[in-house]
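S.K.: Those sequence lines, one after another, are chains Z and A. Residues in the first sequence are numbered consecutively from 25, following the numbering used here. Residues in the second sequence are numbered consecutively from 13, following the numbering used here.
Hints listed in this document are in silico derivations from the structure and should not be mistaken for laboratory results. Here the structure is a predicted model, which is why all the values come from computation and not from measurement. Backbone N, C-alpha and C define an ideal beta-carbon position, used for all residues, glycine too. Please note that a few of the clues may not be correct.
Ranges between beta-carbon positions, derived for each pair [stated by the list, open to error]:
1) A:GLN195 - Z:TRP233: 34 to 44 Å
2) A:GLN137 - Z:TRP210: 34 to 44 Å
3) Z:TRP226 - A:PRO197: 42 to 52 Å
4) A:GLY39 - Z:ALA76: 50 to 60 Å
5) A:GLY39 - Z:THR163: 16 to 26 Å
6) A:PRO74 - Z:ARG236: 56 to 66 Å
7) Z:ALA76 - A:GLN137: 33 to 43 Å
8) Z:TRP226 - A:GLN195: 48 to 58 Å
With a Cα cut of at most 25 Å, we get these calculated DMTMM-like pairs of lysine to aspartate or glutamate [as the list claims (entries may be wrong)]:
9) A:LYS160 - Z:GLU205
10) Z:LYS136 - A:GLU86
11) A:LYS149 - A:GLU63
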Amino acid sequence: MDKPANNENNFWQNLANSPSTNDFLKGLWKDNPVFVQVLGMCPVLAVTNTAANALAMGLATAFVLLMSNVLVAALKDFIPKQVRIASYILIIATFVTITDYAIQAISVSLHKSLGAFISLIVVNCLILSRAEAFASKNTVGRSILDALGMGLGFVVALLCLGGVRELLGSGSLFGWMLFPENFQSWIVMILPAGGFFTLALWLFLINIWQERKQKTINHG
Amino acid sequence: MNKAITDQPAGQQTSSVKLLSAMVGLGMLCALLIAVTYEGTRPRIAFLRAEALEQAIFQVIPGAEKTTAFSYEEEVGFRPKADEETAALYAGYNEAGELVGLALEAAGQGYAGVIKILYGYDPQQEVVIGFQVLETKETPGLGDKIEKDPNFLANFEALDVQMAARGDSLANEVITVKNGEKQSPWQIDGITGATISSRAIGDMLGESTSKWVPIIQQHLNQLSKDVLPQAEGS
Numbered sequence: 025m026d027k028p029a030n031n032e033n034n035f036w037q038n039l040a041n042s043p044s045t046n047d048f049l050k051g052l053w054k055d056n057p058v059f060v061q062v063l064g065m066c067p068v069l070a071v072t073n074t075a076a077n078a079l080a081m082g083l084a085t086a087f088v089l090l091m092s093n094v095l096v097a098a099l100k101d102f103i104p105k106q107v108r109i110a111s112y113i114l115i116i117a118t119f120v121t122i123t124d125y126a127i128q129a130i131s132v133s134l135h136k137s138l139g140a141f142i143s144l145i146v147v148n149c150l151i152l153s154r155a156e157a158f159a160s161k162n163t164v165g166r167s168i169l170d171a172l173g174m175g176l177g178f179v180v181a182l183l184c185l186g187g188v189r190e191l192l193g194s195g196s197l198f199g200w201m202l203f204p205e206n207f208q209s210w211i212v213m214i215l216p217a218g219g220f221f222t223l224a225l226w227l228f229l230i231n232i233w234q235e236r237k238q239k240t241i242n243h244g
Numbered sequence: 013m014n015k016a017i018t019d020q021p022a023g024q025q026t027s028s029v030k031l032l033s034a035m036v037g038l039g040m041l042c043a044l045l046i047a048v049t050y051e052g053t054r055p056r057i058a059f060l061r062a063e064a065l066e067q068a069i070f071q072v073i074p075g076a077e078k079t080t081a082f083s084y085e086e087e088v089g090f091r092p093k094a095d096e097e098t099a100a101l102y103a104g105y106n107e108a109g110e111l112v113g114l115a116l117e118a119a120g121q122g123y124a125g126v127i128k129i130l131y132g133y134d135p136q137q138e139v140v141i142g143f144q145v146l147e148t149k150e151t152p153g154l155g156d157k158i159e160k161d162p163n164f165l166a167n168f169e170a171l172d173v174q175m176a177a178r179g180d181s182l183a184n185e186v187i188t189v190k191n192g193e194k195q196s197p198w199q200i201d202g203i204t205g206a207t208i209s210s211r212a213i214g215d216m217l218g219e220s221t222s223k224w225v226p227i228i229q230q231h232l233n234q235l236s237k238d239v240l241p242q243a244e245g246s
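Assemble the whole structure, with the sequences as input and the hints as a guide.
M.R.: Listed below in structure tokens is the structure:
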């Protein structure tokens, strides 16, 4: 049991040695925005009642994150320190508006089911934190990798929640019924409370995993 | 000491002209991006909206097979809408071309922004027969119960909007009452936890029906026949 874990560790470490892979990968696992940094909880809890909503929300956030990271990194010498936060918010709000139009152009019903949460991407602290902590200090290339990693990590995390909640709450996944007709769905899972339960469950599992990994590293 | 010296210039070097030009420049760039996206997506969004509106019309007028948009002018009354006019209402006709119901738009201030709905009106029974929310920013889980709460939606199976005996206004205006206090067929049973949103629905329905129902009843003959043959081609 210990050996494969170590091998896997080495594999990841070798990969992670190159800085650009690290820029990308840290968002996926080590600094996962939801499970490790616990950032942007509002959409995480609110729109993950179905896997499709979770995916759409995750992709929308990842897109805004990517575009704002690019623009912040490209303009970092042009934006004076004193007004940087205001500028970041302006940039983020612009891309959220663009995303809003884009989603409306894709599907009216998707736009309706995501509702107010699209405009709330503006205040998702994940995006502002990446702009301030990473993009404003690094090159455009590294910022793109960072945004892709963080964005993908966010999508995966939302899917983890949305998948579990839809499966238990409605007995389906992406709208496909997976359980027999007589399956008694757990309504609580698609209600807001279910979001908290599922998030807590995932954090619990991931923390156990991290702790065991830590132990094997310490002992080895 | 050293630190204070190095910190200070960084704060003061940036003149307000530079701050201003940076913000204005950024603002203009962002405005340009938004304008381009808006122009680029507008036709597609308009098309999808029209499609969604048509679906909503068929949902609020059960039994409708065809629909025609009408515009309204005080002197002429109702006539099929020309392209550039705004529609006052949509009439639904069955297979035989008989009027089965009318769909009207109503809007009002909700808890978080304007709520826009489309409601169905049956001119024979003089009742509101259902509604669809077209636009809402209401709080998910609370205010959006106006679309989902089965008890609330049951109010709109036959909401009374009868004309008064004198014939120029409604007998009773539609109004939202507290949950569980509905006594008359023109009252809407509100939703606990979505008081403002459910009251907004009642207010906009009350306002819209007391304006339009008398006009519709007065000009009903202009709507009662299907005029589709020439309207369909346009």
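S.K.: If a hint holds in the structure, say so; if it doesn't, say that too.
M.R.: Hint check:
1. Hint check: GLN195 of chain A to TRP233 of chain Z, Cβ distance near 59 Å, so the stated range 34 to 44 Å is violated.
2. Between GLN137 of chain A and TRP210 of chain Z the Cβ separation comes to about 41 Å, which falls inside the hinted range of 34 to 44 Å.
3. Checking the proposed 42 to 52 Å range against TRP226 of chain Z and PRO197 of chain A shows it holds: the Cβ atoms sit about 50 Å from each other.
4. For the pair GLY39 of chain A and ALA76 of chain Z, the beta carbons lie near 35 Å from each other, so the given range of 50 to 60 Å is not met.
5. Our hint of 16 to 26 Å for GLY39 of chain A and THR163 of chain Z holds, since their Cβ atoms are close to 25 Å apart.
6. A beta carbon spacing of about 60 Å between PRO74 of chain A and ARG236 of chain Z agrees with the range 56 to 66 Å that was offered as a hint.
7. Between ALA76 of chain Z and GLN137 of chain A the C-beta distance comes to about 39 Å, which sits within the given range of 33 to 43 Å.
8. Remark: the range hint 48 to 58 Å for TRP226 of chain Z to GLN195 of chain A is upheld by a beta-carbon distance near 49 Å.
9. At most 25 Å may separate the alpha-carbon atoms for a hinted pair to count; LYS160 of chain A and GLU205 of chain Z meet this at roughly 23 Å.
10. The hinted pair formed by LYS136 of chain Z and GLU86 of chain A fails the criterion: a straight-line CA distance of about 36 Å is larger than 25 Å.
11. Of the supplied pair hints, the one linking LYS149 of chain A and GLU63 of chain A holds, its CA atoms being roughly 20 Å apart against a limit of 25 Å.
Hint compliance for this structure: hints 1, 4, 10 are not met, and every other hint is.
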